[in-house]
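There are 2 protein chains.
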Amino acid sequence: MTAPLRIALAGLGTVGSGVIRLINENGAMIAQRAGRPISIVAVSARDRNRDRGVDLSPYKWVDDMDALAGEPDVDCVVEMVGGSDGPALTLARNSLSHGKSFVTANKAMIAHHGMELALLAESKGISLKYEAAVAGGIPVIKGIRDGASANRIERVYGILNGTSNYILTTMEKHGSDFDSVLKDAQALGYAEADPGFDIDGVDAAHKLAILAALSFGTEVDFDGVEVAGIRGIMSADIGQAKALGYRIRLLGMARIDGGKLFQRVNAYLVPESHPLAHIEGSTNAVVAEGNFSGRLMFQGAGAGDGPTASAVVADLIDIARNDGGTVFSVPADKMVKGGRAQSGNRTGKSYIRFVVADKPGVLAEITAAMRDAQVSIESMIQTEKTNEGSVLISMVTHESRECDVTQGLEKLVNSSSLQGEPVVMHLLSDED
Amino acid sequence: MTAPLRIALAGLGTVGSGVIRLINENGAMIAQRAGRPISIVAVSARDRNRDRGVDLSPYKWVDDMDALAGEPDVDCVVEMVGGSDGPALTLARNSLSHGKSFVTANKAMIAHHGMELALLAESKGISLKYEAAVAGGIPVIKGIRDGASANRIERVYGILNGTSNYILTTMEKHGSDFDSVLKDAQALGYAEADPGFDIDGVDAAHKLAILAALSFGTEVDFDGVEVAGIRGIMSADIGQAKALGYRIRLLGMARIDGGKLFQRVNAYLVPESHPLAHIEGSTNAVVAEGNFSGRLMFQGAGAGDGPTASAVVADLIDIARNDGGTVFSVPADKMVKGGRAQSGNRTGKSYIRFVVADKPGVLAEITAAMRDAQVSIESMIQTEKTNEGSVLISMVTHESRECDVTQGLEKLVNSSSLQGEPVVMHLLSDED
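These protein sequence lines map, in sequence, to chains A and B. Just so we're aligned, residue 1 is where the first sequence starts under the numbering used here, counting upward by one. Just so we're aligned, residue 1 is where the second sequence starts under the numbering used here, counting upward by one.
Hints should not be assumed to be uniformly reliable.
Remember, identical chains collapse to one label, so a pair may be satisfied in a single copy or spanning two.
[Unchecked claim] Calculated lysine-lysine pairs in the DSS-like style (CA-CA distance at most 30 Å, straight line):
1) Lys-242 / Lys-411
2) Lys-385 / Lys-260
3) Lys-173 / Lys-349
4) Lys-173 / Lys-242
5) Lys-385 / Lys-173
6) Lys-334 / Lys-60
7) Lys-183 / Lys-385
8) Lys-183 / Lys-334
9) Lys-173 / Lys-124
10) Lys-124 / Lys-242
11) Lys-124 / Lys-337
12) Lys-242 / Lys-349
13) Lys-60 / Lys-385
14) Lys-349 / Lys-411
15) Lys-359 / Lys-242
Bear in mind the hints are in silico, worked out from the structure with no lab data behind them.
Okay, chain A solo, but in the shape it has when bound (with noise of 0.2 Å):
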């Protein structure tokens, strides 16, 4: 057995306590599928004093965080400590220029500033990695840069976000509304006290660009997402949805269109027969579709110090068996600008609802800015009468470009009959 891989821990929440905890515990066996011991010697975080539960009278402390990157006896840096800039991206940046291998569950910092890390990294020919940062505890970094290593990728997507799922699955099993859904969500700790991050698909959208990149070697671009979440999702929504049968899941997409970039978060219904559509509460999922390995879906917890520390040590045990390799698939000076694919030039079906007065002729206004705009409709309900005395209905679009649905709708913005933004939802198909 050789020398073990000398590792300072940054951060001491949930995770890196978690961390601390899966070496302790399974420390041994890691040494023989490692090859060598992983041996935790420095570790930081704000508050030295805090019980975490776990035992940090074996490790080096260090009170200033940023000093790791300079210590001696140390191989690699583990990051635990999140936010896209500030003390992660100081550290991030120093480790690697003392020539540090650097792990990292922080996704906003690799959203934001992978490019510039990968390549530090990659010019210093040491290792950058952040299974944990995508999907928790699911191996899909490694799953696609190694297991579909083979293919072109057609498309990446999935659900990203736990906390959204959780809420939309909740209101689907129960007929709940949002509101309250996200309130007990809240009461549980499955839901942040400010959950924007979540349900407004930033997390989401944060996960889905580090995907991209690594599927298509576009470099990452997480301006280049377009972000919608799931707060005007009426339970009406998802029964509606069921009717016709799909359930309505938050997905992150990308795909290659006609050489640009395409990524949207947003919520899909999402077929039934999808394996997609099976994925319930806080469980993640991302599917790859290769154009020799078809699909492949990977799922598991998203979250969580458990999964969240099984990603960070299984990247330790890549960097031990020195298998570290590129940072994303290939190499981050080989990456292209993949340019930005507008929405508005995809085909397919929407799903449009309505809050609407119930007054004559909101209908023939709604069907003649439709068919104004091109956008012929397949099926269309007029569904029960809200509390507040307003009437919903929801459509489903023919085979339209999305940019057509847009302009539909734009006829309509200043109308007195609708009440509210109507909400736009796509139909996950094998084209999307």
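Assemble the complex: chain A is given as a structure, and chain B must be docked to it using the hints.
Using the frame of chain A, we list chain B on its own:
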């Protein structure tokens, strides 16, 4: 870009031709991802003149397959001949002895000779890889070996045979009989003319033995797998299971039981809430439950030339990247003899179905036998009369020791009331 990885292909059936097509089509992308090109230099198969839809003229044709092992300009031999012994095994031994890495899709050979070949490869410091041997295009070997590497795997199980799953889920969908679905599957090419290998569980057992060795660090022990297939399953069983909230799936199941290895292929009743209950048609899915990751599931196409080629070439990319590593999760000479845990000691609920004569006293006879064996019955249904005037009796036991169930059934072996062997299936639980 460094020197190409030079490979020789043995066997040019659909999978071999698929590998050639894949490398032709995705070659430039693969070179970027692997850091160097993968280049086919020599090929060998039985019939040189057969039209395979791929141009073989760029490659050196070698009549004697075994001579590939000695080809001076070859770094790695890819075997797609099949068969646990014979030419495939000879080629594997010779290639590794000559210091050439070896990639295979041959589950039977790895299940029977994996230990010998792994020891040989590791003694030479070269790679032996077999991603395509288990679950076709799904990167489950890498998923467990690399993705879940930080975990003690609690159990590994899944749907490992596409033909059996196609038959069971088609029966489920259409309420049709086993025989007619098998006949249709054979006509459609989904099942072999001699289907025993698939429907009697042998193919799944090969894959399970490999997964168990990888997951638990135990020596590959194919002979230790308890194997049963699906021939005895009737449409009524599927209906009965459905009424109870279960789907019937042929599963391979492995875990460590009191320090010993438990391996079984059998039909299970899978709760509808479990992701395996939603795997339809010929899709495969593998679940690995880690002590930190929780439940991970990998799903995709378990067979076919495209998916299999995808897995074979992913192995080649690993080798080109020098990410070969040990054959299983730990070095072969560190793998332990697991010993064999007997299923009789296991505890769980069982589904038992009898075909009996429609006459008085049968129910009393069966229930007495179970009572005498200490097996208590949770639910029992006497179902429809068959065309032959027989009656079906299905029961689900309370948690019982399997040996007690066996003992109860043994008491009935000579009963004149029973028509044919009872069918026993276990209910998949979180503890299974």
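Against which earlier hints does the structure fall short, listed by number upward?
The structure breaks hints 2, 6, 8, 9, 10, 13; every other hint is satisfied.
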